[in-house]
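K.L.:
Line order of the protein sequences matches chains H and B.
So the first sequence is numbered by numbering that gives the first Met the number 0: it starts at 0 and just counts up by one.
So the second sequence is numbered by numbering that gives the first Met the number 0: it starts at 0 and just counts up by one.
Keep in mind the hints are simulated off the structure, nothing from the lab.
Check the hints yourself; a few may be wrong.
What the hints assert, rightly or not - Stretch by stretch, here's where chain B covers chain H in the computed footprint (C-beta under 8 Å, at least three residues):
(1) 209 to 223
(2) 539 to 550
(3) 701 to 711
(4) 753 to 761
(5) 778 to 784
Note that the coordinates shown come from a computational prediction; the quantities given were computed from them, not determined experimentally.
Yeah, the Cβ is synthetic: ideal placement off N, Cα and C, and Gly gets one too.
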Amino acid sequence: MLKSIQKPLLLLLLFPLGLFAQNEKLTVSGYVKDNKNGEGLIGASVFVKELLTGTTTNTYGFYSLTLPKGNYTLVITSVGYRKAIRDVKLTSENVTLNLEVQEDGQELAEVVVTGKREDENVKAIEMSVNKVEMKTIKKIPALLGEVDLVRAIQLLPGVSTVGEGATGFNVRGGAVDQNLVLLDDAPVYNSSHLFGFFSIFNPDAVKDVKLIKGGIPAQYGGRASSILDVRMKEGNAKKLEINGGIGFIFSRLSIEAPIIKDKASFIVAARRSYADVLAKPFLTGNNANSQFNFYDLTAKVNYNINQNNTVFLSGYFGRDVFGNQFGFNWGNSTLTARWNHVFSSKLFLNSTAFYSNYDYLLDSDLENKKPNNQFRWTSNIENLSFKPDFTYYISPNNTLTFGGQILTYNFTPGTANASSNGDKRSFGAPPKDAVEYSAYIGDEWKVSPKLSLQYGVRFSKYDYKSSEDVYYVRRFVGISDAFPSGYDLDEKVNDKTKVLQSYQNFEPRFNLKLETGENSSIKASYNRMTQYIHLLSNTAAATPLDVWTSSTNNIKPQLTDQVALGYFKNFGDNEYETSLEVYYKDFQNQIDYADRANLFLNPTFEKDLLFGKGRAYGLELFIKKNKGKLTGWVSYTLARTERQVVGLNNGNWYPNRFDRTHTLNVVAQYELNKKWSFGANFAFISGVPYSLPTRQGDYQGFTYGITESGVRGNIRVPAYNRLDISATKKNKKALFGKGESEWVFSVYNLYNKRNPFSIYTQPVDSKTATTTADNYQLIKNEAVRLSIIGSAIPSITYNFKF
Amino acid sequence: MIQTNNIIMKISFKNTSIKRILSLTYAFIISLTLTSCEDVIQLNVPKTDPYLVVDGSITNLAGEQVIKLTKSQDLLDAATPEGIKNATVKVTDNLGKIYEFKDLKNDGKYVWTPANATDIMGVIGRTYSLEIKSENETYQAISKLNRVPKIDSIVYKLEDANVRQTGDGKPSKGYDARFYAKDLIGVGDCYQIKVYQNAKLRNGADNIVIAYDGIGNKSPIGDGLMFITPLRRLANTELYGENDKIKVELLSITEAHYDFWTQLRQELNNAGLFARPAARIPSNINNINPNSTKKASGWFGTSAVSSFEVTIDKNKAVKEFFNE
Chain H
0 MLKSIQKPLL LLLLFPLGLF AQNEKLTVSG YVKDNKNGEG LIGASVFVKE
50 LLTGTTTNTY GFYSLTLPKG NYTLVITSVG YRKAIRDVKL TSENVTLNLE
100 VQEDGQELAE VVVTGKREDE NVKAIEMSVN KVEMKTIKKI PALLGEVDLV
150 RAIQLLPGVS TVGEGATGFN VRGGAVDQNL VLLDDAPVYN SSHLFGFFSI
200 FNPDAVKDVK LIKGGIPAQY GGRASSILDV RMKEGNAKKL EINGGIGFIF
250 SRLSIEAPII KDKASFIVAA RRSYADVLAK PFLTGNNANS QFNFYDLTAK
300 VNYNINQNNT VFLSGYFGRD VFGNQFGFNW GNSTLTARWN HVFSSKLFLN
350 STAFYSNYDY LLDSDLENKK PNNQFRWTSN IENLSFKPDF TYYISPNNTL
400 TFGGQILTYN FTPGTANASS NGDKRSFGAP PKDAVEYSAY IGDEWKVSPK
450 LSLQYGVRFS KYDYKSSEDV YYVRRFVGIS DAFPSGYDLD EKVNDKTKVL
500 QSYQNFEPRF NLKLETGENS SIKASYNRMT QYIHLLSNTA AATPLDVWTS
550 STNNIKPQLT DQVALGYFKN FGDNEYETSL EVYYKDFQNQ IDYADRANLF
600 LNPTFEKDLL FGKGRAYGLE LFIKKNKGKL TGWVSYTLAR TERQVVGLNN
650 GNWYPNRFDR THTLNVVAQY ELNKKWSFGA NFAFISGVPY SLPTRQGDYQ
700 GFTYGITESG VRGNIRVPAY NRLDISATKK NKKALFGKGE SEWVFSVYNL
750 YNKRNPFSIY TQPVDSKTAT TTADNYQLIK NEAVRLSIIG SAIPSITYNF
800 KF
Chain B
0 MIQTNNIIMK ISFKNTSIKR ILSLTYAFII SLTLTSCEDV IQLNVPKTDP
50 YLVVDGSITN LAGEQVIKLT KSQDLLDAAT PEGIKNATVK VTDNLGKIYE
100 FKDLKNDGKY VWTPANATDI MGVIGRTYSL EIKSENETYQ AISKLNRVPK
150 IDSIVYKLED ANVRQTGDGK PSKGYDARFY AKDLIGVGDC YQIKVYQNAK
200 LRNGADNIVI AYDGIGNKSP IGDGLMFITP LRRLANTELY GENDKIKVEL
250 LSITEAHYDF WTQLRQELNN AGLFARPAAR IPSNINNINP NSTKKASGWF
300 GTSAVSSFEV TIDKNKAVKE FFNE
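Assemble the whole structure, with the sequences as input and the hints as a guide.
P.N.:
As C-alpha cells, this is what we get:
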C-alpha cells in the first residue's frame, strides 16, 4: 500500500516546482491585523479583483501573492470585519502591504473576532475542519458558567466523550490519546482540570481554535486521530486591556498591553478555583487540611523586530491539587519560543522551539511535614523540540509547505520514592527515552478555478531507548488464569547506549476540492497518521494518573488511515453553511488490556497488554447559521467505532467504550438587543457500551459476578439528553465606571435529568454485613446507575473588561 | 524498613487502591461542587445456564472440613443460591489418602467428619486434590497447604472514628486495634487476614485483607517483614467497644488464591467514573472435559491457620501504636 502510493506522490510533489521559473512576476506580501488590538488575523481572505484569484492569511496573519506585473485592487475580507480595499502597483518591485482592518460595527466588540473568509466552508480546500470563534464559545451555556473550549468542541460533529466529567474527548472513533492538543505549537497531554469538568484553556487568553478531524495536512503529525490547534492571543499592541471574571468555580484575570506600541506586547492571564477557600470554614478535624484547587497561568510576549522578523515567547502552567494529607496533583507546563522570518516576500519561515511537560504526583505527605517518612510517586512525560516550518508562496495557485521536527521524549512511567527515618528506597518502572524525527513536504495547488489539490507526505522516524539493564520480549504461553493476556515476558540483556527499537513510517496526505457551483463543493481526503506514544488506561474514563508510554520493541506505533468525502454548500449569501461528510478510518496496533492488567509502577506491564485493530465509520451533518440575530448550529453524527483484539470478546469485533451511535447537538444564540443575549444548547446522545458479568456466584458470603475472560460491551447505558440555557446582560460600564461588563446567568441541565454515566453492580450494604459460622449471611448485589450530574445547576458569572 | 513499607502500603499501588483514592477524591470534590448521584435500578439480565460454584477450604484446624457447592444464578438474582445435591466429593492428598465429603443435610454442604473431634485433616506441605462428580461431569482442583507464621500480639488504643469508620450507627469513639506478626523468610508467602468481633466475622468488601509476604501487593520487597500497618489494622471499617472480643485469624493461601481474592475485591468495588470492564475472577476448579459447556467457578483453598484473641480492657490500651 505504502510503496504504491509513494512514487506517484513524489512525482506529484515535484511537478508544480516546474512552475517556479516564471519571469515578469512580482510579489505583494504583508500582515493583516486587527486595528484595535494589533492581533494578526488568521485565515482572512486577500482577493485580487482583476484576476479573480487570491489567498488567505496564515496563522500569523501573513499573506503573500505573486502576480504578473500590473496594477491591482486587493479586497480583504474576514468574518466580523469591515471589507478593506487597497490598490497595489506591482510595476517595478515587490510590495509590502500591511493593513489593519476594523471590526464590523454590528458585532458587539467584546472579544477578538477571529478572521476568516465568509465562504471558507465551500471554497477552502480543507475538510473535516471545525473552527469555533471564541466569541461563539463564550456564549454557549457552560457548566457553572465556566467558558470551556474543550466542552464546546464536543458539540461539533464527529466529537464525543465517554461521559460527563470524563477527561479528554474522542474524535471520529479515536481514543483520547489520539488527539494532538497544541497550545502555541507545544503539545498538551491533559486538556482537563478536575478530571474532565473544566478545560485548561483560559478563554481570555485564547485567540483561535481549530479542530482538524480529517484531511490532516502534512505539517501535522504525531497523533492518530485529530489535531486541536489552540493559538494564544498575542496581547493588545495598542493599549492596556484588562479582562476578568468571577464565577462559581474560577476567578479570572488577564492583562494585556503594548510594551512598544505596535511593536511589542504581552498578555498574562491567570485563573484559580476557589471552592477550597469557600469550603474552608466547613472543614474540621481530619479534613481541616484538605487541599483541592486548580489553577493555570498563561503568558505570552511578542516583539515585531521589523517587517521580516517577529519573535514570540509563550508559556502555560496549570495544576490540579487534591488531597487530605495524602493526595495528588497533576498539571501541564509548556514553553514555546517562535521566530517568524520572512526570507523574501515569497518565503515565510516559522521556527518553533518548545518544551512541554505533563507530570503527576502521588504523595503521602502533601504538606511536606515529614520528609523522612514519606511516600512519593511521580510520573511524567517531557518533550523538547525544534521545528522549522517553511511556506513558499510560488504563485496564487501554488503554495508549498515544507519543514521538519526533532522531538525528544522522556518518559517516567512511574517512579516511587519512599523514605523512612532517612532510609530511602526507589522503585517502579524505569525511565525511557525516545526521539521522533520527521520531515514533510506539501503543496496546495489550484489546478483550475474549480479544482484544488493539496497533497504531501510526512516521513517520521522513532528511536526508542530503554535505560534499564534488561529489556523484555513477549512470548505466547497460552491464555490462563496465571497469564490472562496469554503472554509472558523473556528477559534479555539491554545495551543502554544503543537504540533498542526504531520505527519509520511514510504518511501520505491528500485533499481534493471540486466546486460544483457558485456556493457548493465536493471535497475528498485521505490521510495516514502515525502515533508513537500511548496512554495506558483501562478505566471507563481516563484518569489524570494514567501513564503515557513509548512505543517499544513490544508496543508498535499506532497507525490510522482515513478516507473522507464531503459535500459543502452555503445558502443565502453565506448566511447558512452546511456540510455532509462520511468517513472511514482504519486503526492498526491498538492497545487493549487483559483481565487483571496492572499498569501502575509495574516494570513488566507489557505482559498485560493486548494488541488489535480498529475501525470507525460515520456520517456527519452540520448546519450553521452565521448571521442575523439568531446564530448557531445543528450537528448530527451517526457513527460506529470498534475493535478486534485476539483474546477479547472471543476475537469478535466489539464497540469501543466511547462508541455512540447517534449524537445530536443544537447550539443557538440569540441577540435580542445591545443589552440582552441568550443562548441554548441541547444534546441527545446514545449511550456507551459497558460490560457486566452474566452470572453470579457465592463465595464466603460474597455474591460476585462470574465473567468470561475478555468480555467487552455486552450492555449499553441508556441514551443521554440535556438542555442548557443562558442569558447575558451587558452593561455599558464596569467597575469604577470604566470599560464594560456583563452578567451571565445560566442553567445547566435545565430539566433536571439524571443522565446515566454508567451502570454497575455493587454489594448491598456491605459495610454493616457480618456473618457467623452457623448463621451464614450472604451479601447480595444490586444494580446501580451513576449520574455524574444529577440535577439542574444554575450559576452566575460576572465578566469585566477595561 | 518496616516504616518504609508502611508508607508504601498506605497507597498500595495496586490498581484498586489507586482507583479508590481517585474515586474518593472525586466524590469529595463533586459533592462540594456538583451533584452526582447513584440510583438503584432494575436491570434486565439474560437467563443463563448454571455453573458449578465451589466454596471450599481445607485447614489444619481440628474438626470437620466443609466444601460448599452451589449453582450460579442470573446476575442480580436475589434468592439464596441453590445447593448442588447428589454430587460425589472427595479430596486426595499427595500421599494418596482419600477423604470423603458427604452432603449431611442434603443442602449442598459437603462435610468431612473426623472420627475424633480433635483429628486434623490439613497438614502443612501436603498437596490436596479435589474431585467433584456431579450430573455426569467431573471437576478437579489442586491446592497446596502452605505454612503460616504465628501471631505475636494484638494492641489497641482509644481513638475517634475516622471518615471510613463513621456512619450507620457505628461508634464515634472506640478502640482501634493492630495485630503484629512477621512474614516467614522466603518470597511468595500469601495470606488472608480475617477479623472476628465477638465471634462474628467482619465480612464485606472493605474487609477483604490479603497479603503477599509482609505487604499488600505482589512485590519481593515485603519478604520477611512484620506485616505493615494497613494489614495490621483490625478496625478498618468500625471501632471496637470495651469488653469486645477481637480475634484475628491469619490463613496461609496459595499465590493463585491470592490472585483470586485480588480480583474478587476489584470486582466488588468496580464502580464509578474509573470502573473497568468486568473481568474474569480466576478459578482453580476445572471440568476435566475442557469442551464441556458445564463450567465451574469459585475456589478450592487450603490454609494453615494461626489465631490470636484478646478482650478489650481499657486499662491495657496503649497510648500510641508502635512506630506510627
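K.L.:
Does each hint hold? Answer for all of them.
P.N.:
A quick look at each hint next to the structure:
Under a criterion of three residues with beta carbons nearer than 8 Å to beta carbons of chain B, the stated coverage of the segment 209 to 223 of chain H fails, only 0 such residues being counted. Look at the segment 539 to 550 of chain H against chain B: 4 of its residues bring a Cβ nearer than 8 Å to a Cβ of that chain, three or more, so the hint holds. Judged by the Cβ-Cβ criterion of 8 Å, the segment 701 to 711 of chain H is covered by chain B as claimed, because 10 of its residues qualify and three suffice. Interface restraint, the segment 753 to 761 of chain H with chain B: holds (7 residues with C-beta to C-beta distance below 8 Å; minimum three).
Evaluation of the coverage hint for the segment 778 to 784 of chain H: fulfilled, as 7 residues show C-beta separations to chain B shorter than 8 Å, against a requirement of three.
Checked against the numbered hints listed earlier, the structure breaks hint 1 alone; every other hint is satisfied.
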